[in-house]
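All chains should be built: construct the whole structure from the sequences, respecting the hints.
If you read the sequences in order, they're chains A and B. For the first sequence, counting from 1, position 344 maps to 344 in the working numbering; every step adds exactly one. For the second sequence, counting from 1, position 19 maps to 412 in the working numbering; every step adds exactly one.
Because the hints were derived from the structure by calculation, they are not lab data. Do not rely on the hints blindly, as some may be mistaken.
Okay, the calculated beta carbon distance ranges per label pair [to be verified]:
(1) E198(A) / G511(B): 33 to 41 Å
(2) G511(B) / D35(A): 33 to 41 Å
(3) K148(A) / K423(B): 50 to 58 Å
(4) Q375(A) / E457(B): 53 to 61 Å
(5) H491(B) / T223(A): 17 to 25 Å
(6) P271(A) / G511(B): 48 to 56 Å
(7) R358(A) / R528(B): 27 to 35 Å
(8) T223(A) / G456(B): 36 to 44 Å
Stretches of chain A that chain B covers, calculated by requiring three or more beta carbons in the stretch to come under 8 Å of a beta carbon on chain B [unchecked claim]:
(9) 284–297
(10) 368–380
Yeah, the Cβ is synthetic: ideal placement off N, Cα and C, and Gly gets one too.
Each chain, written out:
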Amino acid sequence: MTRPVLLRVTAVAALCIALAGCATSQPLREHRPGDAPVAGTDEDELWYAMQRAEAELQRSPQRVRDPALNAYVRELTCKVAAEHCRDLRVYIMDVPEFNASMAPNGMMLVWTGALLRARDEAELGFVLGHEAGHFRAQHSLRQWRRLKDTSAVLSAFQLVAYGAGVPDAALLGALGAYAGIFKFSRDQEREADTLGFEAAVARGYDPDAGADLWARLKREEETRKYERRGVVFATHPATEERLADIRSAAAALPSPPRDRNRDAYRAAMRPFLEGWLAEEVSRRRYASSLLVIGDLLADSPQEDHALLTFYLGETHRRRNAAGDRAKAADLYARAVALPGAPVAAWREHGFALRDAGRKAEAATALRRYLDTATQAEDRAFVQRELDRLGGTP
Amino acid sequence: MIVRRLRMLALVALMLSLAACAGGGGRLVKPGPNPAGGKLMIDSEMEWTRMSASRYQLWTMDGELLNRLYLIPRVREREFIFLGQRQTKRRPDGAFYHRGLRADELRDLILDGLRASGTADVEATNLRPARFGNRDGLRFEFSLANPEGLRYRGMAAAFEHEKGLALAIFLAPSEHYYPRDAEKVSKMLDTLRLR
Numbered sequence: 001m002t003r004p005v006l007l008r009v010t011a012v013a014a015l016c017i018a019l020a021g022c023a024t025s026q027p028l029r030e031h032r033p034g035d036a037p038v039a040g041t042d043e044d045e046l047w048y049a050m051q052r053a054e055a056e057l058q059r060s061p062q063r064v065r066d067p068a069l070n071a072y073v074r075e076l077t078c079k080v081a082a083e084h085c086r087d088l089r090v091y092i093m094d095v096p097e098f099n100a101s102m103a104p105n106g107m108m109l110v111w112t113g114a115l116l117r118a119r120d121e122a123e124l125g126f127v128l129g130h131e132a133g134h135f136r137a138q139h140s141l142r143q144w145r146r147l148k149d150t151s152a153v154l155s156a157f158q159l160v161a162y163g164a165g166v167p168d169a170a171l172l173g174a175l176g177a178y179a180g181i182f183k184f185s186r187d188q189e190r191e192a193d194t195l196g197f198e199a200a201v202a203r204g205y206d207p208d209a210g211a212d213l214w215a216r217l218k219r220e221e222e223t224r225k226y227e228r229r230g231v232v233f234a235t236h237p238a239t240e241e242r243l244a245d246i247r248s249a250a251a252a253l254p255s256p257p258r259d260r261n262r263d264a265y266r267a268a269m270r271p272f273l274e275g276w277l278a279e280e281v282s283r284r285r286y287a288s289s290l291l292v293i294g295d296l297l298a299d300s301p302q303e304d305h306a307l308l309t310f311y312l313g314e315t316h317r318r319r320n321a322a323g324d325r326a327k328a329a330d331l332y333a334r335a336v337a338l339p340g341a342p343v344a345a346w347r348e349h350g351f352a353l354r355d356a357g358r359k360a361e362a363a364t365a366l367r368r369y370l371d372t373a374t375q376a377e378d379r380a381f382v383q384r385e386l387d388r389l390g391g392t393p
Numbered sequence: 394m395i396v397r398r399l400r401m402l403a404l405v406a407l408m409l410s411l412a413a414c415a416g417g418g419g420r421l422v423k424p425g426p427n428p429a430g431g432k433l434m435i436d437s438e439m440e441w442t443r444m445s446a447s448r449y450q451l452w453t454m455d456g457e458l459l460n461r462l463y464l465i466p467r468v469r470e471r472e473f474i475f476l477g478q479r480q481t482k483r484r485p486d487g488a489f490y491h492r493g494l495r496a497d498e499l500r501d502l503i504l505d506g507l508r509a510s511g512t513a514d515v516e517a518t519n520l521r522p523a524r525f526g527n528r529d530g531l532r533f534e535f536s537l538a539n540p541e542g543l544r545y546r547g548m549a550a551a552f553e554h555e556k557g558l559a560l561a562i563f564l565a566p567s568e569h570y571y572p573r574d575a576e577k578v579s580k581m582l583d584t585l586r587l588r
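Spelled out as structure tokens, the structure:
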């Protein structure tokens, strides 16, 4: 860089710093339970926008309306949100990915993929506590103000930079400003992790629960190498960093509580397990689903083994890579030998036997499928296959 | 002066949109046998407006949100069921077509593709064998909701041929539009064939 250009860049940077000082930095109101923003403030505007979004969300076809499940998740949210319980409204959304989010007006979203992946109340409590932490610390409002301020300063900076004939500085300034916003977001996530951890432990939940959940999520993340994100423009800290932080926080507690409430959690989730597994498989993120369902199978009681074994087979069948059909066939054979096998396991077992040339056994399995699934949607195709196998009674 | 400029801009925008109609898309489809892209043929029961892309056609009567018929003459091996992405070793995940799938597997592939496009409550009914010219294939009906909650119903037809999978999907809101046209569109899908 030549000396005049360097001087110009320095001058622009100095001006930028001066302008940054002019950015709005309104004080946050004291966030007492039950309080709403003061009318006419920017926070009031933000809440108004969120309330409109919430009205839309209430009509969403993805909203899970089951009263018992909603009551259970709501009760757990109240436990970890403590004094802010009545400020929060929890919406369970039928989306098979791990996610939860918090809006500044108290609208909390929990996706069914998170409910499938958590093992017990302690793990879900950590997630809900994290989201309630965002609300308590007014993170959305801070982030919004930061965005507005950055945008205002950036506009002024770019005007000056282009005027001074250093367009490169304008571009670098933009990148730096946006990187700053993402860092701010990551810092908020770290703070919410701490708040969630403290809230869950204060309610008697095992402090290792958050680490257990994050360790599984990290393994799942590693199955999708093609989705690896950058560091500078990430909204959340790296999973391994979060895992290390909560592990060290848990290790620092002298005599921690150990509540998990696994049975209560399973009882609340069990009615939805089959539907969520079908949705998990529908994502067609094969390696990820094999890991998630495999881990669930390893952790599940006997009564869930047939269902989970079948859906492991379904994931292999849908992936259909080298060796997958054989693995699926083995899993279907194991599923139908277990109590509580879903009826579709007999159909898949039948087709696997047909592919192996075991025609008589295949016909028996397919016939059992049709006899049990009297309303089978694919009856015509299965019957045609049965006829080809010479299996019509 | 500002008003005059705005008028001028509006006129230019209108001319551009008309020019777009005169170009590639927006041609009238008349009742009777019609090419549906590649070697795919279909007998239309009514008039449609056809928009052609390089690998598929989109037909509509009242606008894309109110009724649309996608006609895809060829989904190739390892291609996303609605075209575009291809399956690779690095990116193995997705609803990718493979030759030789069972009818219910093809149905699931189409439904998972619809789910991946952001729709909700996707359900299929009445999967059944069908003949398209001299080829075996499948038909089924489905329902779904768009992200805003508007309910749609639809029907799908598919059959394999030497170069891949031919696919037709009709979609319209459950209220009024689907019931109005379902019978005629269903007859149309039965006429799908290769030249």
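Outcome, coverage hint (the stretch 284–297 of chain A, chain B; C-beta under 8 Å; three residues):
holds (count 5)
Taking the CB of T223(A) and the CB of G456(B), does the distance hold inside 36 to 44 Å?
holds, 41 Å
With respect to the beta-carbon atoms only, verify the hint that P271(A) and G511(B) lie 48 to 56 Å apart.
violated, 27 Å
Starting from the range 33 to 41 Å, see whether the pair G511(B) and D35(A) falls in it by beta-carbon distance.
For G511(B) and D35(A) the Cβ distance comes to about 36 Å; the hint holds.
Take a look at whether the Cβ-Cβ distance between Q375(A) and E457(B) falls inside 53 to 61 Å.
violated, 34 Å
H491(B) paired with T223(A), Cβ distance criterion 17 to 25 Å:
The hinted range 17 to 25 Å holds for H491(B) and T223(A), with Cβ atoms some 21 Å apart.
So does E198(A) sit 33 to 41 Å from G511(B), Cβ to Cβ?
Cβ of E198(A) to Cβ of G511(B): about 37 Å, so the range 33 to 41 Å holds.
Using the beta carbons of K148(A) and K423(B), state whether their distance is inside 50 to 58 Å or not.
holds, 55 Å
Go check the stretch 368–380 of chain A versus chain B for me, would you? Three or more residues, Cβ under 8 Å, otherwise it fails.
Our answer is that it holds, as 3 residues pass the Cβ test (under 8 Å) against chain B, meeting three.
Using the beta carbons of R358(A) and R528(B), state whether their distance is inside 27 to 35 Å or not.
holds, 29 Å
Going through the hint list in order, the structure does not satisfy hints 4, 6.
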